[in-house]
Amino acid sequence: MAIRVQVEAFDPGAEVNAMHAANVGVGAVVSFVGYVRDFNDGRDVSGMFLEHYPGMTEKALAKIAAEAEQRWPLLKLEVLHRIGALEPGEPIVFVAAASAHRQAAFDACAFVMDYLKTRAPFWKKENTPEGARWVEGRASDHSAADRWK
Amino acid sequence: MSINVLFFARYAEAVGFDSLEVEGEFATVDAVRLALAADPEFAVLNEASLMCARNEELCNLDEPVEVGDEIAFFPPVTGG
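Those protein sequences? They're chains A and B, same order as listed. Sequential numbering from 309 applies to the first sequence in my numbering. Sequential numbering from 2 applies to the second sequence in my numbering.
Quick caveat, the hints were computed from the structure, so don't treat them as lab data. Ideal placement from N, C-alpha and C gives every residue a C-beta, glycine not left out. This list has only true hints and no planted wrong ones.
Covered by chain B, per the in silico footprint, the following chain A stretches (three or more residues, Cβ under 8 Å): (1) 354–368; (2) 426–436; (3) 440–448.
In silico contact screen, one side only, chain B against chain A (beta carbon under 10 Å); selected entries: (4) LEU7; (5) PHE9; (6) ARG11; (7) GLU14; (8) SER50; (9) GLU57; (10) GLU71; (11) ALA73; (12) PRO77; (13) VAL78; (14) THR79; (15) GLY80; (16) GLY81.
In isolation and in its complexed conformation, chain A is listed as follows (with noise of 0.2 Å):
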């Protein structure tokens, strides 16, 4: 597995293609990008600031992809997270599973998401017209969470 935690943006194209080129018996690359918006919650998003627990986030994503590999048959994993300040249509996260079969990519892609959400030690802060104010934990997550138990 590969867990990365930056500042820097990255490319999710070139992460797509590095998560074959480098094994022929990789059938199937399922990915997840996830972007920031210029709206949330009825309020316009000018940035926002990503904040993290140094040391535990890392910890955090890796105990989540060892999970996947042990439930499904991966052939590679690689979880990619940005910290930091970000601007709207910036990429902020990057999952993806390669397997021999996409059934496999596809549920360890979204079980990682899943668990990511609700596990790893992120906080946003959004900038908006009235000011910065941290995003709320959604319900929905946990609820998405819970189908993996």
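Assemble chain B onto chain A, guided by the hints.
This is chain B only, laid out in the frame that chain A set:
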């Protein structure tokens, strides 16, 4: 015993700093939380949605605490 307590995001803003050395005898993470929350300055720790971690791993409030542990309190995570 000495415990290192960390706060993140909205909680760090609410208490005014992001780390604190706490002295005392604590059996669990919840005992640390209750000792702090007795002071109105730490009222945010009474939120029902509070999350916590012990030594960089998510835990429940009944998690045992040992000398030198790093305990973190934070609001629900919002990454992804």
